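Asker: Below are the chains, spelled out letter by letter.
2 protein chains.
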Amino acid sequence: MFKLYYSPGSCALAPHLALEEAGADYQAIRVDFKASEQRSPQYLQVNPKGRVPALVTPDGVLTETPAILVYIAQMFPQAALAPLGDPFRFGIAQSFNSYLCSTVHVAHAHKGRGTRWVDESDTAAIAAMQRKVPQSVAAAFELIEQQLFTGPWVLGERYSICDPYLFTLARWLEGDGIDPARFPKVAGHTARMVERPAVRKVMVAHDG
Amino acid sequence: MFKLYYSPGSCALAPHLALEEAGADYQAIRVDFKASEQRSPQYLQVNPKGRVPALVTPDGVLTETPAILVYIAQMFPQAALAPLGDPFRFGIAQSFNSYLCSTVHVAHAHKGRGTRWVDESDTAAIAAMQRKVPQSVAAAFELIEQQLFTGPWVLGERYSICDPYLFTLARWLEGDGIDPARFPKVAGHTARMVERPAVRKVMVAHDG
Chain A
0 MFKLYYSPGS CALAPHLALE EAGADYQAIR VDFKASEQRS PQYLQVNPKG
50 RVPALVTPDG VLTETPAILV YIAQMFPQAA LAPLGDPFRF GIAQSFNSYL
100 CSTVHVAHAH KGRGTRWVDE SDTAAIAAMQ RKVPQSVAAA FELIEQQLFT
150 GPWVLGERYS ICDPYLFTLA RWLEGDGIDP ARFPKVAGHT ARMVERPAVR
200 KVMVAHDG
Chain B
0 MFKLYYSPGS CALAPHLALE EAGADYQAIR VDFKASEQRS PQYLQVNPKG
50 RVPALVTPDG VLTETPAILV YIAQMFPQAA LAPLGDPFRF GIAQSFNSYL
100 CSTVHVAHAH KGRGTRWVDE SDTAAIAAMQ RKVPQSVAAA FELIEQQLFT
150 GPWVLGERYS ICDPYLFTLA RWLEGDGIDP ARFPKVAGHT ARMVERPAVR
200 KVMVAHDG
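Protein chains in written order, with numbering that gives the first Met the number 0: chain A, 0 to 207; chain B, 0 to 207.
Here are the computed distance ranges between Cβ atoms for each label pair: (1) A:151 / B:173: 46 to 56 Å; (2) B:76 / A:118: 42 to 52 Å; (3) A:24 / B:203: 49 to 59 Å.
In short, the hints are calculated from the structure, not lab data.
Quick caveat, the model's predicted, so the values are computed rather than measured.
We treat Cβ as the ideally placed atom computed from N, Cα and C, and that holds for glycine.
Chain A extracted, bound-state conformation (with noise of 0.2 Å):
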């Protein structure tokens, strides 16, 4: 049994969509950022970086999205989530990931988090950084759509530990006053995603 600590639409979805992909069994637990859950000293306990996702296994917590998903991944084979086999292929896989959590997701985070990388004082700054954020996470994409994106799954054929991370922060573009509609490639992956029964499951968790 694992316990997957969340927040409704952060970055928490990818691996609860990983863990309902994968067949795990799982229980999904809401942190309430509207009520600085996070920073609750018995949430802390959890995660001392005061972040989701935080997933607890029988050996211990895993934070980190792209770490938790390869966990996932390596934990449940059958459901060939990663080219664990092909040690350049997972290296493609995990530079996705990378690119999202280190590049992709941070644009974005410059929206709502400014006070990470400037003073709370400092609005004009945190106005500049919010300004910022539609050309910057389009750039991403842009890269994602020209370069890294293969399809019909980010990897080509086989659906991977990318693909809900990919889904996941293609839901932010609207959000950042991006149009989906100028990345065809994700925006037919973001398609395919909402079919498929995992998603649906999870789906309500996130939106409902």
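Go by the hints and put chain B onto chain A.
Answerer: For chain B alone, coordinates are given in the frame of chain A:
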């Protein structure tokens, strides 16, 4: 034969050190950032992201430091650079490197790469970002010092791909206005690292 594209002192130092520790047959190719060589048509053919590191392998090019590090560990299993056979411990290694990539490196990058996240004409916002760097980077190293670092190496008794990456980012502390002595475990780690023959050899290309 591998080719590693690097810029001196950049995060490409981490895979450079890992290749050396693994005993790999590789060539390190310097990319001259002062001449904007990373934006040249030739280099963009290697890495469309216009960044380093990029590792040319017999199967193709890999980018993103955490992905390259794991690839090296998998291609040179005799060097035992990652707990490849244990999904949870491998997950901890991946989580550590993902944190370095998406939180520590990103916090640091707000000093010199602010135009990724605000318009380059917005000099006040760029200055506001720079002012926050000592605080945001130090907070991340505080978490490493208190929670993530086991000792004597990052994961414990065994040297791994987490060690060259931590070493690489800890070298940026002083330039970010942070006294490395504030983090005694990390400082001890740096001292152990510089004694390693592989580190002494590779540093010539980065400091020399």
